[in-house]
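Peer 1: Given the coordinates of chain S, work out where chains P and V should sit on it, guided by the hints.
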Amino acid sequence: MNTHFIFWDINVWADGALRLLMITGLMTVVAMGLIYLERKVLARFHQRVGPQRTGPLGLLQSVADALKLVGKEDLRPTNADPWTFELAPYLVFIPIFLGFVVIPFVADWQVRVLDLGILYFVAASSLTIVGWVAAGWGSDNRYAMIGGLRSAAQAISYELPLVLSLLSVGIVAGTLNLNEMVQGQSAVPNIVWQPMAFFIFFIAALAELNRTPFDIPVGESEVVGGPFVEYSGIRWSMFFLGEYAGMFIMSILAGAVFLGGYEWPFGGELGRGWQVVLVGVKSSIFIFLVFWVRASMPRLRIDQLMGYAWKVLVPLSLVQVLLNGAVLVYGGPKIILTVTGLAGIVFLFWITDRAVSKPRVRPANPAMQTEAAS
Amino acid sequence: MASEMLPDEEYEVQDLLLNVGPQHPSTHGVFRMVMTVDGELVKDVVPYIGYLHRGAEKLCETMDYRQGIGFMDRTEYLAGHNAELSYVMAVEKLAGLEVPERAQWIRMILCELNRLSSHFMFMGAFGIDVGVFGTPFIYAWREREAIIDLFEEISGDRMMYAYFRPGGLAWDVPTNFVQRVKEVLVSSKTGIKDFDGLLTDNEIFRARTQGIGYISAEDAIDYGMSGPSLRGSGVPMDVRKDEPYLYYDQIKFEVPVGKNGDVFDRYICRLEEMRQSVSIIEQCLEHLQPGPIMPERMPRMLRTPPGEVYVRTEAPRGEYGVYLVSKGGNRPYRLKVRSACLSNLQPLKQMSVGQYVADAIIVLGSIDIVLSEVDR
Amino acid sequence: MTSEQPEGAQQPTASLDTTIWAEVDRALSGITVTPEAGVLDLIVTIPRDEVVRGLRALKTDAALHFDYLRCLTAVDQEADGIDVVYHLYSTTSKHNLTVKTNLPNDDLFVDTATTVWRAANWLERETAEMFGVRFRGHPDPRTLLMPEDMDDTFPLRKDHPLAEIEILQGEGMGYTEEDSE
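Residue numbers (my numbering), protein chains in the order written: chain S, 1 to 374; chain P, 1 to 376; chain V, 1 to 181.
Hints may contain errors.
Looking from chain P toward chain V, a few residues come up when the C-beta cut is under 8 Å (computed) [said to hold, decoys possible]:
no., residue
1, E40
2, H53
3, E57
4, G224
5, V235
6, M237
7, Y310
8, Y323
9, R338
10, Q346
11, D375
Since the hints were made in silico from the structure, they are not lab data.
These numbers come from a predicted model, not from an experiment.
Backbone N, C-alpha and C define an ideal beta-carbon position, used for all residues, glycine too.
Bound-form chain S, shown alone (with noise of 0.2 Å):
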């Protein structure tokens, strides 16, 4: 069985093979320039330079940066488990690395067409907690350990909010396949039709990357780098491109689902380059918003993350469902979804907004209390 590959005609697996082969390739350079573009991006709002120094403006940073790692000792703590400290790293990459098959970068390109692309991309993508609580359990660390219980806390309670915002988009374009979901936004994207929607995805994407202010897995200043704290030298520069290969394709499945992909709103046919340049533009609107986030926002406590998920996120996105099925089964305008979903905004702002505004003096458990005073 064979399939068109670029300008070939070859076997199917070899064309999957290849084509794994080259996101591979993509995912490594795109992750180190992420690197070098945050830290640009947080030295600007930080009112310094960034790296200048290695190559014109700092681009080798992070070459430099990955040789060091590199030639840096493994280093395996003596009691840590060794199994599950050694394949930590590559339960965390490879789950991400498998995400990358559906997601269409251009059009009639991608690895594989699913028609449960969504589905795939969620299941596949999920599977990093694996790793995170592996890494944080096989350390032997209490850092570690407490930041991968965390990680899990977190990646749960996050993974709904964030697949029932995609759902909703899935109900308004019909179709979970994203191939046919960029098509479909060739007039309107559907961040008009959702944009409550997109909202909760973007929040619940902050989340799943572990990104600030959802960091507490990796609380630097709490769990001191978390599940990572005992990995050095190549293992960690594992985690840390799993990382930012996670965020390219959060951002790469955020334009493709809610911005249109690679299509141009303003009808005709682009080219290929044209493609190219339109799918980094939107991704990179929402790589900036995450750097953005982060230059800004001071970390959350875990109770608060979880009570936002369960309380705040989760019902939303369950009525946004709700109202996208009653919309298109009773056969409204779909202007209504717009309303509904700048009014589920507002509304999102000012819940999130009265939780902070009044404060309580939360009461410790008075047992404890009178246990500390004796």
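Peer 2: Relative to chain S, chains P and V alone:
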């Protein structure tokens, strides 16, 4: 179900013992606390200090009064001027020295500037404690840098100034002092305003700090807390107001106090205090007149009559006291530094038990400890 | 000074009148007190058997209300034993008092003040390890700044020597005390 499968005698539920420090990004130095953690809740905190104990008090007993000044800088490295002030005032009180007016005003200006720089340091470090990636830290650092630069121009050193002397100052300030202080104040004002946007008005920051680390006014007094950490609980105790030293009685300023005694109130007290400091410095600049900076008749070797004195001043972190016992001669018989941080650290257990692990960290941050002052 | 020893009340110099001695004397009735006018604050000396009782009386007295323990430390008086010094402050009436008590060298103990102010806890731990003073009834008698096993040397006592200053850079770099004077 687990209890059916696992025999009780082999498996028991234990609390996790989490050792924070001495090397930990959030302990602000070499401080160690052993937390007993039940899930994410802190059940017990046992602080350990003393990693930075250098015996400054003992060393001062072997050196003459002038040499002791340098040790005071090193006990309180973020507010060296304030620490020196307590010490030189103690020596002056014992020796009966009259300090010229100009020297006093310059001392006030420098102490308040040092309070500004120390609080900027707190703002930045606290921003990192609550988890902002560096932005408040670097903003704070920029303003602090301007002040430190000014100190360097005056004393020749950025942290260990050794600029105050019993009787006055080591030398007069540079001729462009007033203008330079005004420049620094302009940038500091912008910096203070920046923090309103960076931290105070941030929803997450408020959610993280309000209602956390509560301590009542009575408990705070009973534990001997002082400075903004005490005023956050609503006790308007400030040595500058209650027992004015230097010329604080000629200056108009307010003592900001909190209401709730939580982390946020301790933070906001410091922020308000910075505004007050700016206003104090501006008033001091108006009073500053040319004149001598040392008494006309200073003995070559400073000797004190026998006696003892306990001098306290309001340092950025609280009351910095120096208890000086003299048996005559040119060196202290006994010197005791009353550290504000040591007393502020005592109720750490009470403030953090029952909170989350992440809160225990910011409770520690809100006390604004300098470990070299705690351990001396 | 108590009412039983009226001749002691004449001893204080005129400067005591400007202090809070009258009130302190009233609050400490029944306790042997010796006043002395310090440079800044009034200094009273109480025998060690009565010191904690006196401190509690000073704290609970409505007019004085010494609710704040500024500092607690000790001074090694060599042959005369060790003085334990309490610096008190009242947050409401804003006055200061120094309380001293003398411990003989052969029997260094005093009752703990942690029952009066919790602030005394760490300060007493520090004083205990630095001077070898035993605070009877202290709830947490561990070392504070010193290593846990360092319970036989007391660094701030006058008989504790400072280590010889090591001269690292050869004889030429070293200097003796005569040179520096």
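Peer 1: Less than 8 Å between beta-carbons is the criterion; does E57 (chain P) satisfy it with respect to chain V?
Peer 2: At 7 Å from the nearest chain V Cβ, E57 (chain P) passes the 8 Å test, so the hint holds.
Peer 1: Have a go at the M237 (chain P) hint: is there a Cβ in chain V nearer than 8 Å to its own Cβ?
Peer 2: The hint holds - M237 (chain P) has a Cβ within 8 Å of chain V, the shortest such distance being about 5 Å.
Peer 1: Can we keep the E40 (chain P) interface hint, with Cβ of chain V closer than 8 Å?
Peer 2: Since the shortest Cβ distance to chain V is 27 Å, the answer is violated.
Peer 1: Any CB of chain V closer than 8 Å to the CB of Q346 (chain P)?
Peer 2: With a closest approach of 5 Å, the Q346 (chain P) hint holds.
Peer 1: A closest beta-carbon separation below 8 Å is what the hint needs, so does Y323 (chain P) meet it against chain V?
Peer 2: With a closest approach of 6 Å, the Y323 (chain P) hint holds.
Peer 1: With a cut-off of 8 Å, does the beta carbon of D375 (chain P) approach a beta carbon of chain V closely enough for the hint to hold?
Peer 2: For D375 (chain P), the interface hint holds, since the closest Cβ of chain V sits about 6 Å away, which is under 8 Å.
Peer 1: Was the hint right that V235 (chain P) lines chain V, CB cutoff 8 Å?
Peer 2: It holds, given that the least Cβ distance between V235 (chain P) and chain V is near 6 Å, below 8 Å.
Peer 1: Verify the interface restraint on H53 (chain P): the C-beta must sit less than 8 Å from at least one C-beta of chain V.
Peer 2: Interface hint status for H53 (chain P): holds (4 Å vs cutoff 8 Å).
Peer 1: Mind checking the CB of G224 (chain P) against every CB in chain V and telling me if the closest is under 8 Å?
Peer 2: With a minimum Cβ separation of about 3 Å from chain V (threshold 8 Å), the hint on G224 (chain P) holds.
Peer 1: Was the hint right that R338 (chain P) lines chain V, CB cutoff 8 Å?
Peer 2: holds (4 Å)
Peer 1: Mind checking the CB of Y310 (chain P) against every CB in chain V and telling me if the closest is under 8 Å?
Peer 2: The hint holds - Y310 (chain P) has a Cβ within 8 Å of chain V, the shortest such distance being about 5 Å.
Of the hints listed earlier, the one the structure fails to meet is number 1.
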